[in-house]
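Enquirer: If you read the sequence shown in the numbering used here, its first letter stands for residue 2, the second for the next number, and so on.
It is worth saying that the hints were derived from the structure and are not from the lab.
Check before you lean on any hint, since a few could be wrong.
Said to hold, decoys possible - With a cut-off of at most 27 Å between alpha-carbon atoms, the simulated BS3-like pairs for lysine-lysine come out as follows:
hint, residue 1, residue 2
1, Lys75, Lys127
2, Lys230, Lys8
3, Lys134, Lys8
4, Lys320, Lys150
5, Lys150, Lys8
6, Lys121, Lys8
7, Lys8, Lys42
8, Lys121, Lys164
9, Lys230, Lys201
10, Lys320, Lys212
11, Lys118, Lys164
12, Lys32, Lys118
13, Lys26, Lys127
14, Lys140, Lys324
As the list claims (entries may be wrong) - Pair ranges (Cβ atoms, derived):
hint, residue 1, residue 2, range
15, Met283, Asn24, 41 to 47 Å
16, Gly304, Glu85, 27 to 33 Å
17, Ala152, Asn203, 58 to 64 Å
18, Asn307, Ala152, 20 to 26 Å
19, Asn73, Ser146, 56 to 62 Å
20, Gln145, Ser211, 55 to 61 Å
Here the structure is a predicted model, which is why all the values come from computation and not from measurement.
From the three backbone atoms N, C-alpha and C, an ideal C-beta is built for every residue, glycine too.
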Amino acid sequence: MAAITFKCTSCGAFVNFNPDDQNFKCPYCGKDYTEDEIIAKANEIDGEINKNIDTEVEQSSTYSDTNEKLYNCKNCGAQIVADETTVATNCYYCHSPIVLVDKLLREYKPDRLIPFKFNKEEAIKKFHEYVGKKKYVPKEFFSQSQLEKIAGVYYPYWDADYKCDATFDGEGVTVSTVVSGDYNITTTRYYKVIRRGILKFNNIMRNALSKNQRLLADGIHPFDFNDEKDYSSAYFTGFMAEKRDVDKEDVQGNVESEIESYLQPILTRGSSYSKLYGNVNMNILNKSYNYLMLPTWVLTYRGKDNIQYFFSMNGQTGKVCGKLPIDKGKLFLHGIIAAAGVALALLIGGYFLW
Numbered sequence: 002m003a004a005i006t007f008k009c010t011s012c013g014a015f016v017n018f019n020p021d022d023q024n025f026k027c028p029y030c031g032k033d034y035t036e037d038e039i040i041a042k043a044n045e046i047d048g049e050i051n052k053n054i055d056t057e058v059e060q061s062s063t064y065s066d067t068n069e070k071l072y073n074c075k076n077c078g079a080q081i082v083a084d085e086t087t088v089a090t091n092c093y094y095c096h097s098p099i100v101l102v103d104k105l106l107r108e109y110k111p112d113r114l115i116p117f118k119f120n121k122e123e124a125i126k127k128f129h130e131y132v133g134k135k136k137y138v139p140k141e142f143f144s145q146s147q148l149e150k151i152a153g154v155y156y157p158y159w160d161a162d163y164k165c166d167a168t169f170d171g172e173g174v175t176v177s178t179v180v181s182g183d184y185n186i187t188t189t190r191y192y193k194v195i196r197r198g199i200l201k202f203n204n205i206m207r208n209a210l211s212k213n214q215r216l217l218a219d220g221i222h223p224f225d226f227n228d229e230k231d232y233s234s235a236y237f238t239g240f241m242a243e244k245r246d247v248d249k250e251d252v253q254g255n256v257e258s259e260i261e262s263y264l265q266p267i268l269t270r271g272s273s274y275s276k277l278y279g280n281v282n283m284n285i286l287n288k289s290y291n292y293l294m295l296p297t298w299v300l301t302y303r304g305k306d307n308i309q310y311f312f313s314m315n316g317q318t319g320k321v322c323g324k325l326p327i328d329k330g331k332l333f334l335h336g337i338i339a340a341a342g343v344a345l346a347l348l349i350g351g352y353f354l355w
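Using the sequences and the hints given, assemble the complete structure.
Expert: Here it is, written out as structure tokens:
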């Protein structure tokens, strides 16, 4: 199967994408490559693989009945096992970054991506700053050896844009009361209300990967779409990536339900009626879905309770999300100290009272 790396023309080492300057760099000799140079090479390789993909598929070897496949590392020749959704990884032996581009062709080729904006060292620093403030987190959870396990992963999303012709058709009610002598006179008026608008909704996101641990990564949104770039496999070098296994049709109904939930509040905004009842009809004028890859720093930890904890960080903004483990020993000790403090205060107070 097709597995590629990008080699330095000076020393032969592999080239990685460098988030710090948004260019490509050899980590050994330090040679810099422009974005245009590497992307042109990546597009050339992708094109060659696309032409030969039928032959490649016929000659591919299946590792088991779980859709795992074997790939050959172009750097050291080792065989690498990858599951169905993995599209970028590292060789277990020589640690070369590898992009499994045959999984990203045709309908599985992403349209756009947002590159990582900071490197692993910065991600570790941000993680430590966040977790270090939590009193009851086990020390081993943010030890240096544990933090080194943090991995940059591109996750797949569907990014939907819609243009709708929406109409609200209903009844508005106004109620007014005046005092006349000993009487309160209440007047209720009913109005036919029709409101119509052409509405646009952009960047409605749905995750396109069904793996369970993927769900927590949704908590690191939003992303700044001004940093979007056209897809190139070159951006995956030095990172991991997952291919989508959720089709557009699987999320479309949910997206349109979300849009419908926005229409009535938008169309009735600014109303002066005491009450407003009615229904909204939506006519979709235009819709488009982009297959988008978003950067996420991921760290997993299996605690003494044998529960796996998943922590994620937005690879663009640094926003964090996750379920943190609790050191019950620390919690218990803090409770003992607090109880002892209260008891001592009561004893001292009792001494002075007597």
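Enquirer: Does Lys121 pair with Lys8 here, judged by a C-alpha cut-off of 27 Å?
Expert: 21 Å, holds
Enquirer: Quick one, are Lys26 and Lys127 close enough, alpha carbons at most 27 Å?
Expert: Holds, at roughly 23 Å.
Enquirer: Asn307 and Ala152, beta-carbon distance inside 20 to 26 Å?
Expert: 22 Å, holds
Enquirer: Are Lys121 and Lys164 close enough, with their CA atoms no more than 27 Å apart?
Expert: 39 Å, violated
Enquirer: Does Lys150 lie within 27 Å of Lys320 when you go C-alpha to C-alpha?
Expert: 19 Å, holds
Enquirer: Would you mind confirming whether the straight-line C-alpha gap from Lys230 to Lys201 stays at or under 27 Å?
Expert: 22 Å, holds
Enquirer: Please test the hint of 56 to 62 Å on the beta carbon pair from Asn73 and Ser146.
Expert: 31 Å, violated
Enquirer: Taking only the CA atoms, is the gap from Lys32 to Lys118 under or equal to 27 Å?
Expert: 20 Å, holds
Enquirer: Check the hint pairing Lys8 with Lys42 against an upper bound of 27 Å on the C-alpha distance.
Expert: 11 Å, holds
Enquirer: Using the Cβ atoms, figure out if Gly304 sits within 27 to 33 Å of Glu85.
Expert: Cβ of Gly304 to Cβ of Glu85: about 29 Å, so the range 27 to 33 Å holds.
Enquirer: Look at the Cβ atoms of Gln145 and Ser211 and judge whether their distance stays inside 55 to 61 Å.
Expert: Given about 34 Å between the Cβ atoms, the range is violated.
Enquirer: So if I understand the rule, the pair passes when the alpha-carbon distance is 27 Å or less; does Lys118 with Lys164 pass?
Expert: Measuring from Cα to Cα gives roughly 31 Å; hence the hint is violated.
In terms of the numbered hints stated before, the structure departs from hints 1, 3, 8, 11, 17, 19, 20, listed from lowest to highest.
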